[in-house]
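These protein sequence lines map, in sequence, to chains A and B. Its first residue numbered 646, the first sequence is counted upward by one per residue in the working numbering. Its first residue numbered 646, the second sequence is counted upward by one per residue in the working numbering.
Think of the hints as simulated: they come from the structure by calculation, not from any bench. Heads up, the beta-carbon is just placed ideally off N, CA and C, and yes, glycines get one too. Any given hint could be a false lead.
[Stated by the list, open to error] As a list, the in silico DSSO-like pairs of lysine-lysine whose alpha-carbon atoms are at most 30 Å apart: (1) A:Lys809 to A:Lys880; (2) B:Lys961 to A:Lys880; (3) B:Lys821 to A:Lys758; (4) B:Lys886 to A:Lys961.
[Unchecked claim] Examples of chain B residues toward chain A, derived with CB under 7 Å: (5) Ile653; (6) Gly660; (7) Pro834; (8) Glu868; (9) Trp896.
Number of protein chains: 2
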Amino acid sequence: MNNFVYSIPTTAYFGKGQIQILGETIKTHGGSKVLLAYGGGSIKQNGIYEVILEQFRKAGLAHVELSGIQPNPRIESVEAGIRVYRENGCDFILAVGGGSTLDACKAIAAGVKYHGPVTDLFVDESGISSKITAVAPLATILTMAGTGSELDMGGVITVGNDHKKKVVLHPLLNPKFSILDPEYTYTVPEYHSMAGVADIFCHLMEQYFTPDAATTVQDRMNEGVMKAVLEEAPKILTDPKNYDARANIMWASSMALAGFQFVLGKPGFPFPLHGMGHELSSRYDMTHGVTLALLTPAWMRHTMSTAPEHLPIFAKFARNVMDVREADDAKAAEEGVRKLEEFYSGIKMPANLREAGVKEEDLEMMAAKAVENGKLGILTSIGKEEALQILQMAL
Amino acid sequence: MNNFVYSIPTTAYFGKGQIQILGETIKTHGGSKVLLAYGGGSIKQNGIYEVILEQFRKAGLAHVELSGIQPNPRIESVEAGIRVYRENGCDFILAVGGGSTLDACKAIAAGVKYHGPVTDLFVDESGISSKITAVAPLATILTMAGTGSELDMGGVITVGNDHKKKVVLHPLLNPKFSILDPEYTYTVPEYHSMAGVADIFCHLMEQYFTPDAATTVQDRMNEGVMKAVLEEAPKILTDPKNYDARANIMWASSMALAGFQFVLGKPGFPFPLHGMGHELSSRYDMTHGVTLALLTPAWMRHTMSTAPEHLPIFAKFARNVMDVREADDAKAAEEGVRKLEEFYSGIKMPANLREAGVKEEDLEMMAAKAVENGKLGILTSIGKEEALQILQMAL
């Protein structure tokens, strides 16, 4: 096991009605004028917006608003947020929404304390956003489970005409607190709920499939969250207002990335599936989690066939998570992938890239862009050729 | 799933040589004069003491010492610590040792900020130590894995001539940071290493065996840590310097109680085994973890026979943790207990109370004292009669 630092500085207030602590808790973190950021305005339909304003009133907090943050949030939204925050003398940021709003607000929180272009704050050679030295205090109210942004230190921002995905990553970006009320996810449409599930599962898998570092505790905990996701997600399909299922999926989202706890002690994690998935989102504006469900089985089979020395970990995944009883490693591994495909199909993810609208002639360009900042992968090294093979397998 | 607040304010520096951050990190937390507390002086034999002093010198920190904190630490040690801290104008506490030293230092940290008898600070009717409103900053260096005190908010102190165990419990009691270097546990004798393992396993079980609250994520994560303990502990027996095994057991100790994360969302946890185990420690000065290994199978069988409606959770434990394949719940549950007994026997715990030196004539007195502050248990209600039955079954 490698050395590591474990730190989860975000407090999570989990459950029904936890929003009642909002106003006073912002005040205890020094907030008096809040930048309230949200997306397309669904919070005005489901009543959350009114409860937030009531909390502000009760606690005597002023606020200004930044609305319209889009999925796959763009740098322009971040820059707008920085302007609004500064022009209005804000001292606290409240992000209300899913991962996109939360991610944009993390970049805003860092940007308002930095005197230069916010693009300086993306991850650099050091592996984190080393130019971040201070951030505005940030809290979140989660309305969609998936990205894990509510309890982690990262965010993904889209930049430029070619929709490049860039990452902000720094321990200071952990929210001060996050309010996680599973009831807020009741109205998330089925497709997006299940894309969130696929995102959660991929976060867990990308921390799991690494070279062995004898991290038994982390790996067994990770398997536990994966099993919980497999067990609970289908219940949402049959009953979108199943509180306990929504609660478990929301908590799985948070646990998957809290302090990156399942990759602690391991040798890095370049997140190969996220690297390629982002290119699909960029080219087709495809929902993030869906791209991951599409690529994961292909990536698994590609790794299993090109690097059979890693079969044991795929067999372990099959046995410990997918409940495969097969004794032979190669057969067990393949059976694990097949059961995972069954799971994705059960939660109504598209069966392949073609079904999701991807054109064969785009694959080469996307493969090239996925690796333009360096090879991906950690079990195997994924360059352009390997990325193309995986995309073709997923087609 | 019930509402909960998740908060783990302690940063863990895990791995070889992490002590090198000690001096500077104490300074970032405002420390300039440190109360250095430790137990019997083994840190002077294994070299840790010298490294600490070197860290103090480099960082320009003054210090005073409190040594000789005993296992099952007594209130007198706490009171002595409070005096030393105050008389020397300390502003930081560094606890170096196992759970006993850490627990004593938590009480000292609260006591130095309280103007009244430290006995006021034990858990009251509110369920926590409600009179604690401020604490001195505390850091820990763990030299023995087991109690989980390094990443939680509680401590156990022994009081009076009848050696009564009392608890301090408050979110402010989380250490600011803990240094967890698995190499520091290489020299812990086998018996105490394995007693620590039994303690860890019991913490996990007492959070697991509760009425069903649909906490799938928490329960599957808990099962994962339990499986890791079963897998790693025996490796220490054959090779006490197996770094990865020591690392996994140390991290399991921390994960088991970090933020009490596996009981979040559940309806309380009166820790019945700890309640009874403390009476064995008081009467016979028996190592804490050993008492738990002795009582757990008896408690399981007692619950399974007196409250068969709870058989499904015992069967689930047997299947998900102990790898039992039996389809019938009652048979699976019994097979799970049998395999757990096998595990305890494998890590050289005594087979029963009699073998551990307990006298039959003391059982009734211990049963009475175990419940004198109220009934124990959460799956079933354990009064004096039930406690006596369990003790008799364990004899």
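Here is what the structure says about each hint:
| no. | hint | result |
| --- | --- | --- |
| 1 | A:Lys809 to A:Lys880 | violated (35 Å) |
| 2 | B:Lys961 to A:Lys880 | holds (20 Å) |
| 3 | B:Lys821 to A:Lys758 | holds (26 Å) |
| 4 | B:Lys886 to A:Lys961 | holds (27 Å) |
| 5 | Ile653 | holds (5 Å) |
| 6 | Gly660 | holds (3 Å) |
| 7 | Pro834 | violated (23 Å) |
| 8 | Glu868 | holds (6 Å) |
| 9 | Trp896 | holds (5 Å) |
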